[in-house]
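Colleague: Mind docking chains R and D on chain L? Use the hints.
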Amino acid sequence: MCNVFSKIKKAAVPVAIATAASLGLSAPAMADWSPKKPVELIIMAGAGGGADQIARLLQGLIEKKDLSPRPIIPINKPGGSGAEALRYIQDKAGDDHTILVTLNSFYTTPVIQKGIGVDVSNFTPIGRMAIDTFVLWVNSGREDITDLDSYVAAVKAAGTNWKVGGTGTGQEDSILTAMMEKEFGYDVTYIPFPGGGTVAKNLVGNHVDSTVNNPAEQNEFYRAGETKPIVQFTAERLPAYPDVPTANELGVNMEYYMQRSINGPPGMSKEAQDWYINLFKTLFDSEEWQKFCTDDGLACHEWLAGDDLGAYHTQQIALHKELIETVGATAITGE
Amino acid sequence: MTDRAVITTEVPAMTVRTAELLMAVLLALCSIGLMVKSAELRIGWVPDRGPGSGAWPFWLSAGMLLACVATMIRWFRGTTPESRNLEPYMTREVALLVGISAGSIVFLLVVTHLLGIYVALFLFLLFYLKFVGRHSWLITVSMMVLVPIFIFCLFEWALKIPLPKSITEPMFYPIYDLMYS
Amino acid sequence: MGGLAEAMQPLNFMMIIIGCALGLLIGAMPGLGSVNGVAILLPITFIVPPTAAIIFLAAIYYGAMYGGAISSITLGIPGASTAVATVFDGRPLAQAGHADRALTAAAVASFVGGTISVVLFTLFAPPLASFALRFGPAEEFALMIMAFATFIGLGGDDIPKTIFSILIGLVLAAVGLDIISGQPRLIFGDIDGFLHGINFLVLAIGIYGIGEMLWTLETTKGEVMVHKVQISLDRMKSNFKDIKNYIGTTSLGSILGYFVGTLPAAGATPASLMSYGLAKTFSKDPDSFGKGNVGGVAAPEAANNAASTGSMLPMITLGIPGSPTTAILLGGMIIWGLRPGPLLFTENPEFVWGLIGSLYIANFATLVINLAFIPLFVKILTLPFSILAPIIYILCVVGGYAPTQTMHDVWLMLLFGVVGYLLRKLNYPVAPAVLAIVLGPLAERSLRQSLLGSHGDVTVFLTRPISATCILIALALICYPVIQKLTRRRRRNLGMGQGQG
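Residue numbers (numbering that gives the first Met the number 0), protein chains in the order written: chain L, 0 to 334; chain R, 0 to 180; chain D, 0 to 500.
These are computed hints drawn from the structure, not numbers from a lab.
Because the structure is a prediction, the values reported are computed rather than measured.
Heads up, simulated DSS-like pairs for lysine-lysine below, C-alpha to C-alpha not over 27 Å straight-line:
1. D:Lys424 to D:Lys290
2. R:Lys129 to D:Lys378
3. R:Lys164 to L:Lys36
4. L:Lys63 to L:Lys36
Only chain L is shown next, with the shape it has when bound in the complex (with noise of 0.2 Å):
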């Protein structure tokens, strides 16, 4: 410990010395904008979720590509299903040095939880990076589910009895729940548990009867043996499922997504912004990036940024203050 002390040190004072010299000189006007401090990149989940890992991935290509003068500093805001980070975004208004990254709770929590008072359509859009997909799984040893028929007579038959895993109410798995519920007219309990890793866990382990999960969260246990999935809310099949049906394909109307996307403090400046898209725009094409996606179950052939993404989030927020009225928020939050 000793050693690492008087290590520091050492490298502190010609630092030292030099501030004192040149504290009074103004950094040297610059053509184009770049960060002047570390950025902040607020992550609107805990540690270790999707949102994270996407961050620190971010975060580290960053650093291995030398893309940015200054670091880029993942900072965990779970609170509220996201409310804080986002709350936090809303009070950083005109601020060039701080950025979100997203989930779907970004359309869901100012809608559940008004009394945060925040309009995320006045945010700085930046770029999305990718678009994750949901698929319902159950236990491999429920051989009496095959498909989705077989599936919707095993919960009829359950009623309430039937137990469904979730993230938390008012996210996104929870009103992809409620879409069912409503969609099949059935009632089932759901059942909040701190985490996608955790969710799946507890359909191994038989403590819920299904899961609404990302393809991430349960493809190891699916290759194990463990578990099934059932039926996919995409447009087409994914790749790594190539022999489950869509929802659509089975006549029930039934699509949803999540979008992982990079976004900035309301006013933020134009200079930024346009420095920040060309940075993740380079992210995105990258290698690395592109190869994550396929790993993790992302959809990343799109790249949509600037105002195309404002128009996104317009769409997606008044889909979502729709989806949130059909199924009602109480039937969100249960209580």
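Modeller: Then chains R and D, alone, in the frame of chain L:
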């Protein structure tokens, strides 16, 4: 312990006995406040779902209230050693020592809000070492320089945890230039 | 064993040494824990191969566990929730001038805990992984009951005040968003400040950092805390002779810690608390606990180290992190293209055993580094109070800021510190509140998840075998000290009639 109490008698300071009751009453009020806030949510048993979302804090706060009431009853009956103790709760000397420490931390935080943590650390150390500790200028100044540098290196440079700098942020841009170039 | 050979490669070995040293420093800073070290250094590990990278991170993880004990003992501030129980006896020992004894005990116990858990991991990983799967919400709640039962004896002699302390900890744990209903609770309109809940570290640093300093200020009137410390060879020898006094407790704590650690939800904190509680309950001299019993340092340290190895198991086999740190390790694994899951053991054995082997080497390296620097740590305590106090206050302030990075939490920490000090003067025990805020969220969540699943039927905890067993053990633990006290009293009161309850 017992013979020290006789020393300070000029001002009738609050006794431990009074403090015990006062604290129990304050904590009871806190418990009631928490109960009221929790009761904004469902505190009863929701059929088929178990306790409502306000139940956990509400009933536990109710338990806190009961514990405070028990402490008050024990105070009236003189069961606890504190309720029979007539020494001052806080001698003036202790109040001064504790007050200076707590006050200086408040000062540290207020200056952090206004001028950023590094300026605050500088002033805090100056105050504490020179005027409370009465150390030599050598010790004071070297601590004033070394401690903020150590904190900066550990947090901002090694761990990348940005500390609040408030309006002094632009002064750090040249340092960032050096650090990340 | 292939894993050890893997870990002994020069690059990997270097990673272990640097990682341990960094971990020690980070862990010893209040408010900073392995989660900071691992998170920040993760990008650096892109440069080196995955096995070396994960070894590096594991070394930081281990080093920080030891580091937490150092700040618990020398400064009296638990750096991480896993080191809370170490304060109970570590601090009194340090104040009595026996910091070196406590530090030796912590280092040795951690080493023993690490060793036993690595052996258990090697022997029983697959069966335990399937056992962990049987832990659903009901079992988790029963385990929490067991954890609460083990520290029933930790409170003071004033029962209403002890109960108050536990309850306020549990209520503070409820602040923030209720994950079951998705509604905010007790946030007093302050979204920025309270929606993320009250971080355990804010309370712990407030009470043990600020509160303890104010308390010391009162008792010592600002004089030097420990007057004379000389570390001689004889003294070191006697510290090592001490080992036989706590080796039993340490071994038990290690085994307990490992098993609790393998359960996905639990992790190292409940393990260390349970180990401390059991050591006290079954000690020949339970009253000496909390006043400076080395066994009280060894038991939780053995358990938290064993549990930190144990918590690698659900991470590797189920992809479920047992703590924020393992969550980030997990993120790292995914980024390197290693998919945690039931197949990792068979598809990437070199990675799994490399990790376990490196945990073991890290364990040994930290023991050596730690023992070598004990004299330096002890020296910290001889600094004049008027220099030590501002440094500790500063560490508390930055440490209170680091976990959530809001000034709100720093103010909250100061408030907890001052209130904690005022309460302590009136004989309110503060430790139960700190423990309750750690276990509270888990207890409430698992209770409500179970009841949701059973439609409000409370017998769910008694009809499931594992959960029923845990509850029975909990009842036995609650009754044991009472029975012990009664039998002792009866023996004493023999011939004088019934002892009163």
